[in-house]
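Undergrad: Sequence:
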Amino acid sequence: MLEFLTLKPEAFGLDISDLSLKIVKLKKRGNFFTLSSYGKEEIEPGIIKRGEIKDEKKLAEIIRESIKKVRGEKLKTNYVVASLPEEKAFLQVIQMPRLPEEDLKSAVIYEAENYIPTPLEEVYLDYQIVPPV
Numbered sequence: 001m002l003e004f005l006t007l008k009p010e011a012f013g014l015d016i017s018d019l020s021l022k023i024v025k026l027k028k029r030g031n032f033f034t035l036s037s038y039g040k041e042e043i044e045p046g047i048i049k050r051g052e053i054k055d056e057k058k059l060a061e062i063i064r065e066s067i068k069k070v071r072g073e074k075l076k077t078n079y080v081v082a083s084l085p086e087e088k089a090f091l092q093v094i095q096m097p098r099l100p101e102e103d104l105k106s107a108v109i110y111e112a113e114n115y116i117p118t119p120l121e122e123v124y125l126d127y128q129i130v131p132p133v
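First residue of the sequence shown? That's 1 in my numbering, and the numbers climb one at a time after it.
Read the hints as simulated data drawn from the structure, not as lab findings.
All figures in this text were calculated on a predicted structure; none of them were measured in a lab.
Honestly, I wouldn't trust all of these hints.
[Stated by the list, open to error] 25 Å max Cα-Cα, derived PhoX-like pairs, lysine-lysine: (1) Lys40 / Lys28; (2) Lys88 / Lys69; (3) Lys57 / Lys105; (4) Lys28 / Lys69; (5) Lys105 / Lys68; (6) Lys28 / Lys54; (7) Lys22 / Lys88; (8) Lys76 / Lys54; (9) Lys68 / Lys40; (10) Lys27 / Lys57; (11) Lys76 / Lys27; (12) Lys58 / Lys27; (13) Lys88 / Lys28; (14) Lys105 / Lys88; (15) Lys27 / Lys40; (16) Lys69 / Lys58; (17) Lys28 / Lys57; (18) Lys54 / Lys68; (19) Lys58 / Lys40; (20) Lys28 / Lys76; (21) Lys74 / Lys22; (22) Lys22 / Lys69; (23) Lys22 / Lys105; (24) Lys22 / Lys40; (25) Lys27 / Lys69; (26) Lys68 / Lys22; (27) Lys57 / Lys22; (28) Lys74 / Lys49; (29) Lys40 / Lys54; (30) Lys40 / Lys69; (31) Lys74 / Lys58; (32) Lys40 / Lys88; (33) Lys49 / Lys22; (34) Lys57 / Lys40; (35) Lys27 / Lys74; (36) Lys58 / Lys68; (37) Lys40 / Lys76.
With the sequences and hints as input, model every part of the structure.
TA: Take a look at the structure:
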């Protein structure tokens, strides 16, 4: 089973694009999931442009109002599952020699400069070690 489907506490899904916001919450019933809450709101042009938030206050207000207006069960959680727009995220598997843990971070940063087309000062960089096969 996918680990994220067993999250506790409960969370709802939030999908934000340039022109709309969608909310969904699933509830486990036996071996199945059912839709318990959902909603969709239009976002005025200009609040988000090409995946970049231009007016945080307006977007926050739209999110708050959307949460209040969901259809189905009311949302009683502050936990949300969201994702970045694909054009704003990078995922790269890189092979590295075995290094002491204290050297690994600087080696990953050095290697990341070869893959990320944005200055590293402008990105959030994280990594995960995948065990050798």
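Undergrad: Please go over all the hints and tell whether each is borne out by the structure.
TA: Results for each hint:
1. Lys40 / Lys28: holds, 22 Å
2. Lys88 / Lys69: With a Cα-Cα distance of about 29 Å, the restraint between Lys88 and Lys69 is violated, given a limit of 25 Å.
3. Lys57 / Lys105: Roughly 35 Å separates the two Cα atoms, so the pair is violated.
4. Lys28 / Lys69: Distance of about 22 Å is within 25 Å: holds.
5. Lys105 / Lys68: Violated, at about 42 Å.
6. Lys28 / Lys54: violated, 36 Å
7. Lys22 / Lys88: holds, 19 Å
8. Lys76 / Lys54: With Cα atoms ~28 Å apart, Lys76 and Lys54 exceed 25 Å; violated.
9. Lys68 / Lys40: Between Lys68 and Lys40 the Cα gap is close to 12 Å, so the pair holds against 25 Å.
10. Lys27 / Lys57: violated, 31 Å
11. Lys76 / Lys27: Holds, at roughly 13 Å.
12. Lys58 / Lys27: Given that 25 Å is the threshold and the Cα spacing comes to 30 Å, the pair is violated.
13. Lys88 / Lys28: violated, 32 Å
14. Lys105 / Lys88: holds, 22 Å
15. Lys27 / Lys40: Given that 25 Å is the threshold and the Cα spacing comes to 19 Å, the pair holds.
16. Lys69 / Lys58: It holds: about 16 Å lies between the C-alpha atoms, which stays within 25 Å.
17. Lys28 / Lys57: Violated - the C-alpha atoms of Lys57 and Lys28 are around 34 Å apart, more than 25 Å.
18. Lys54 / Lys68: holds, 23 Å
19. Lys58 / Lys40: holds, 16 Å
20. Lys28 / Lys76: With a Cα-Cα distance of about 16 Å, the restraint between Lys28 and Lys76 holds, given a limit of 25 Å.
21. Lys74 / Lys22: Holds. Lys74 to Lys22 sits at ~15 Å (cutoff 25 Å).
22. Lys22 / Lys69: holds, 12 Å
23. Lys22 / Lys105: violated, 36 Å
24. Lys22 / Lys40: Distance ~4 Å between Lys22 and Lys40 Cα, so the pair holds.
25. Lys27 / Lys69: Status holds; Cα separation ~18 Å.
26. Lys68 / Lys22: The given pair, whose Cα atoms are some 13 Å apart, holds under the 25 Å limit.
27. Lys57 / Lys22: holds, 18 Å
28. Lys74 / Lys49: violated, 30 Å
29. Lys40 / Lys54: Holds, at about 20 Å.
30. Lys40 / Lys69: holds, 9 Å
31. Lys74 / Lys58: holds, 22 Å
32. Lys40 / Lys88: Holds, at roughly 23 Å.
33. Lys49 / Lys22: Judged against 25 Å, a Cα distance of about 17 Å means the pair holds.
34. Lys57 / Lys40: holds, 19 Å
35. Lys27 / Lys74: holds, 12 Å
36. Lys58 / Lys68: Holds, because 16 Å separates the two Cα atoms, which is no more than 25 Å.
37. Lys40 / Lys76: Distance ~18 Å between Lys40 and Lys76 Cα, so the pair holds.
Of the hints listed earlier, those the structure fails to meet are numbers 2, 3, 5, 6, 8, 10, 12, 13, 17, 23 and 28, in rising order.
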